[in-house]
Structure formats: structure tokens, C-alpha cells
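Model the full structure from these sequences, guided by the hints.
Heads up: the sequence lines are chains A and B, in that order.
For the first sequence, position 34 matches number 34 in the numbering used here, and the numbering has no gaps at all.
For the second sequence, position 8 matches number 8 in the numbering used here, and the numbering has no gaps at all.
It is worth saying that the hints were derived from the structure and are not from the lab.
Be aware that one or more of the hints could be misleading.
What the simulated footprint calls covered on chain B by chain A, stretch by stretch (three residues with Cβ under 8 Å from a Cβ of chain A suffice, anywhere in the stretch; the number is not a length) [claimed, not checked]:
#, region
1, 40 to 51
2, 100 to 109
Below are the DSBU-like pairs computed for lysine-lysine, each with C-alpha atoms no more than 30 Å apart in a straight line [to be verified]:
#, chain 1, residue 1, chain 2, residue 2
3, A, 71, B, 101
4, B, 3, B, 70
5, A, 71, B, 38
6, A, 57, B, 101
7, A, 57, A, 18
8, A, 3, A, 18
9, A, 3, B, 101
10, A, 57, B, 38
11, A, 53, B, 101
12, B, 101, A, 55
13, A, 3, B, 106
14, B, 106, A, 55
15, B, 16, B, 38
16, A, 18, B, 101
17, B, 70, B, 101
18, A, 13, A, 3
19, A, 3, B, 38
20, B, 3, B, 106
21, B, 106, A, 57
22, A, 3, B, 3
23, A, 3, A, 55
24, B, 106, B, 38
25, A, 70, B, 101
26, A, 13, A, 71
27, B, 3, B, 101
28, B, 70, B, 106
29, B, 3, A, 57
30, B, 3, A, 55
31, A, 70, A, 57
32, A, 55, B, 38
33, A, 3, A, 70
34, B, 106, A, 13
35, A, 18, A, 71
36, A, 3, A, 53
37, A, 55, A, 71
The C-beta atom is built at its ideal place from N, Cα and C for all residues, glycine as well.
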Amino acid sequence: DVKVTQSSRYLVKRTGEKVFLECVQDMDHENMFWYRQDPGLGLRLIYFSYDVKMKEKGDIPEGYSVSREKKERFSLILESASTNQTSMYLCASSPAGDRHFYEQYFGPGTRLTVT
Amino acid sequence: AQKVTQAQTEISVVEKEDVTLDCVYETRDTTYYLFWYKQPPSGELVFLIRRNSFDEQNEISGRYSWNFQKSTSSFNFTITASQVVDSAVYFCALSAHRDDKIIFGKGTRLHILP
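Below is the structure:
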């Protein structure tokens, strides 16, 4: 079974702190994604990566950066956390090949609160 | 532009009732895939089904069935004889070849009342 794990289920940080959200998948997937989920807004794509050291902006990249140094790990970084980044963050991965065909496998999410 | 609309924000039904979740999509692509995901209270989205644009056959899996109609750009999901364990947020999604990413609808929160 594909497993996508995220470093924390719940996280509380202060405004201005640098925050790292880690995601690891164990199925050798090429593609990895970071979303945030907010009530009434659904899932919005922040960044995605189709290969090691490669990244592409999603719909809402402002205030975030990412790192993919190893194939299995995709990190989301909030350079200076703000209260409007309080949200549920979901990581996902999918296999190589036709990226439109394959479903994404999701982690359990990290609920981040910025105070 | 690609778009997925799930007009029903929240639905409540009593256990054993049938319920249909609506999904309407927009795309100019002729080749695309549609998905349904389930997000239970634990938070992890779980893949339920994929349908490609060239296959309009309806699908049934146990109590779940999906109705894909290109003429109305809809991909609706029906749960028959609902159970409390079906309570979740359900997302419809579209992946089209002219776009690099999957587009999710805003989700429908389904409450099955005992």
C-alpha cells in the first residue's frame, strides 16, 4: 500500500516563525504536491514537483516555498508564518507516467494554527 | 478554463436513504479524466474512482454508483442505502491534458444520520 506521511498532525506556530512541513512517500512516486484546504474553498494547490530538485508553482504559491532534495521527500516552507496561513495542509503523491491519469495518494494532513 | 462545480455544500440524510452528489465540470479538452475522492473525519483523501472522457459507461461498486454524462458535463455519485460510515466530505476532480494539475471541486459534506 502506498503510504504518504506528514511530520505532524497538529502544529501551532507564532506569527513570523519559519515553519517546515515535511512529507514523505514510500512508493517511489515521481510526482508530489502540496495543497491547503480551507472551509468553503476546497483544495488549492500551492506547489508541485515532478522530479527531484524540480518545483512548479500552483495556484497560491505566495508566502510559501518548497524543497525536494530526495525523491521521497517534499517539504513545504513558510518563510514567515502569518495568521492567514492557518489551514489544513495536505501532501499528495502520484506515480510517473501520464500525470493526468493517475490518482493522487494523500497524507493525513497537518492542521497548522498560526497565532 | 477548467472548472469543477459541486453545488451541494452540505447534505444530510437518514441512514438507509439513497443520496446523489452532483458534479459538473467544464473543459475544452477532448481528453480528460474525472475522479471522486472521499475525505473521512480522519482527514486523508481516499481515491474512489477515475473515469476517462471516452468511456461513458456507468459504474457500480457495491453501494456506490457513478453516472457520467458528457452531454451535460456531469459526473454524479450515488450512494445507495447509505450508512453512517459514509459520512465524509466528497470531492470531484478533473484532470485535463491542457492543464498541468488536477482541479478539485469545493467538496460536498455528507452527513448520514443514524
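Going down the list of hints, with the structure as the test:
Residue count for the region 40 to 51 of chain B with a Cβ under 8 Å from a Cβ of chain A: 7. That meets the three needed, and the coverage hint holds. Remark: the region 100 to 109 of chain B is confirmed as covered by chain A, as 7 of its residues place a Cβ nearer than 8 Å to a Cβ of that chain, reaching the required three. Pair hint residue 71 of chain A plus residue 101 of chain B holds up; C-alpha atoms about 19 Å apart against a cutoff of 30 Å. Between residue 3 of chain B and residue 70 of chain B the CA atoms are separated by roughly 15 Å; this keeps the pair inside 30 Å, and the hint holds.
With a CA separation close to 27 Å, the supplied pair residue 71 of chain A and residue 38 of chain B stays within the 30 Å bound. A distance of roughly 10 Å separates the Cα atoms of residue 57 of chain A and residue 101 of chain B; the hinted pair therefore holds under the 30 Å criterion. A distance of roughly 20 Å separates the Cα atoms of residue 57 of chain A and residue 18 of chain A; the hinted pair therefore holds under the 30 Å criterion. For the hint linking residue 3 of chain A to residue 18 of chain A, the alpha-carbon distance of about 27 Å falls within 30 Å, and the restraint holds.
Between residue 3 of chain A and residue 101 of chain B, the direct Cα distance comes to roughly 21 Å. Compliance with the 30 Å bound is thereby established for this hinted pair. A threshold of 30 Å between alpha carbons decides the hint, and for residue 57 of chain A with residue 38 of chain B the separation of about 26 Å falls inside it, so the pair holds. Using a Cα cut-off of 30 Å, the hinted pair residue 53 of chain A and residue 101 of chain B holds, with the two alpha carbons roughly 19 Å apart. With a C-alpha separation of about 13 Å, the suggested pair residue 101 of chain B and residue 55 of chain A falls inside the 30 Å cut-off, and the hint holds.
In summary, the hint linking residue 3 of chain A to residue 106 of chain B is supported, as the alpha carbons are separated by about 25 Å, within the 30 Å threshold. Simply put, residue 106 of chain B and residue 55 of chain A have alpha-carbon atoms about 25 Å apart, close enough for the 30 Å limit, and the pair holds. In summary, the hint linking residue 16 of chain B to residue 38 of chain B is supported, as the alpha carbons are separated by about 19 Å, within the 30 Å threshold. A C-alpha spacing of about 27 Å is found between residue 18 of chain A and residue 101 of chain B, which places the hinted pair at or below 30 Å, so the restraint holds.
Straight-line distance between C-alpha atoms of residue 70 of chain B and residue 101 of chain B comes to about 21 Å, which keeps the hinted pair within the 30 Å bound. About 27 Å separates the Cα atoms of residue 13 of chain A and residue 3 of chain A, which keeps this hinted pair within 30 Å; it holds. The hinted pair formed by residue 3 of chain A and residue 38 of chain B meets the criterion: a straight-line CA distance of about 17 Å does not exceed 30 Å. With a C-alpha separation of about 11 Å, the suggested pairing of residue 3 of chain B with residue 106 of chain B holds against the 30 Å cut-off.
This hinted pair checks out: residue 106 of chain B and residue 57 of chain A have alpha carbons roughly 20 Å apart, not beyond 30 Å. About 29 Å separates the Cα atoms of residue 3 of chain A and residue 3 of chain B, which keeps this hinted pair within 30 Å; it holds. Between residue 3 of chain A and residue 55 of chain A, the direct Cα distance comes to roughly 21 Å. Compliance with the 30 Å bound is thereby established for this hinted pair. Among the hinted pairs, residue 106 of chain B with residue 38 of chain B is consistent with the structure: their alpha-carbon atoms are about 12 Å apart, no more than 30 Å.
Simply put, residue 70 of chain A and residue 101 of chain B have alpha-carbon atoms about 22 Å apart, close enough for the 30 Å limit, and the pair holds. The hinted pair formed by residue 13 of chain A and residue 71 of chain A meets the criterion: a straight-line CA distance of about 28 Å does not exceed 30 Å. Annotation: proposed proximity of residue 3 of chain B to residue 101 of chain B holds, straight-line Cα distance about 12 Å (limit 30 Å). This hinted pair checks out: residue 70 of chain B and residue 106 of chain B have alpha carbons roughly 21 Å apart, not beyond 30 Å.
Between the alpha carbons of residue 3 of chain B and residue 57 of chain A the distance comes to roughly 19 Å, so the proposed pair stays at or under 30 Å and holds. A C-alpha spacing of about 24 Å is found between residue 3 of chain B and residue 55 of chain A, which places the hinted pair at or below 30 Å, so the restraint holds. Of the pairs offered as hints, the one joining residue 70 of chain A and residue 57 of chain A holds, with about 19 Å between alpha carbons and a cut-off of 30 Å not exceeded. Among the hinted pairs, residue 55 of chain A with residue 38 of chain B is consistent with the structure: their alpha-carbon atoms are about 27 Å apart, no more than 30 Å.
Taking the CA atoms of residue 3 of chain A and residue 70 of chain A, the gap is near 16 Å; set against the 30 Å cutoff, the hint holds. Pair hint residue 106 of chain B plus residue 13 of chain A holds up; C-alpha atoms about 27 Å apart against a cutoff of 30 Å. With a C-alpha separation of about 23 Å, the suggested pairing of residue 18 of chain A with residue 71 of chain A holds against the 30 Å cut-off. Our distance criterion of 30 Å between C-alpha atoms is met by residue 3 of chain A and residue 53 of chain A, whose separation comes to about 21 Å.
This hinted pair checks out: residue 55 of chain A and residue 71 of chain A have alpha carbons roughly 12 Å apart, not beyond 30 Å.
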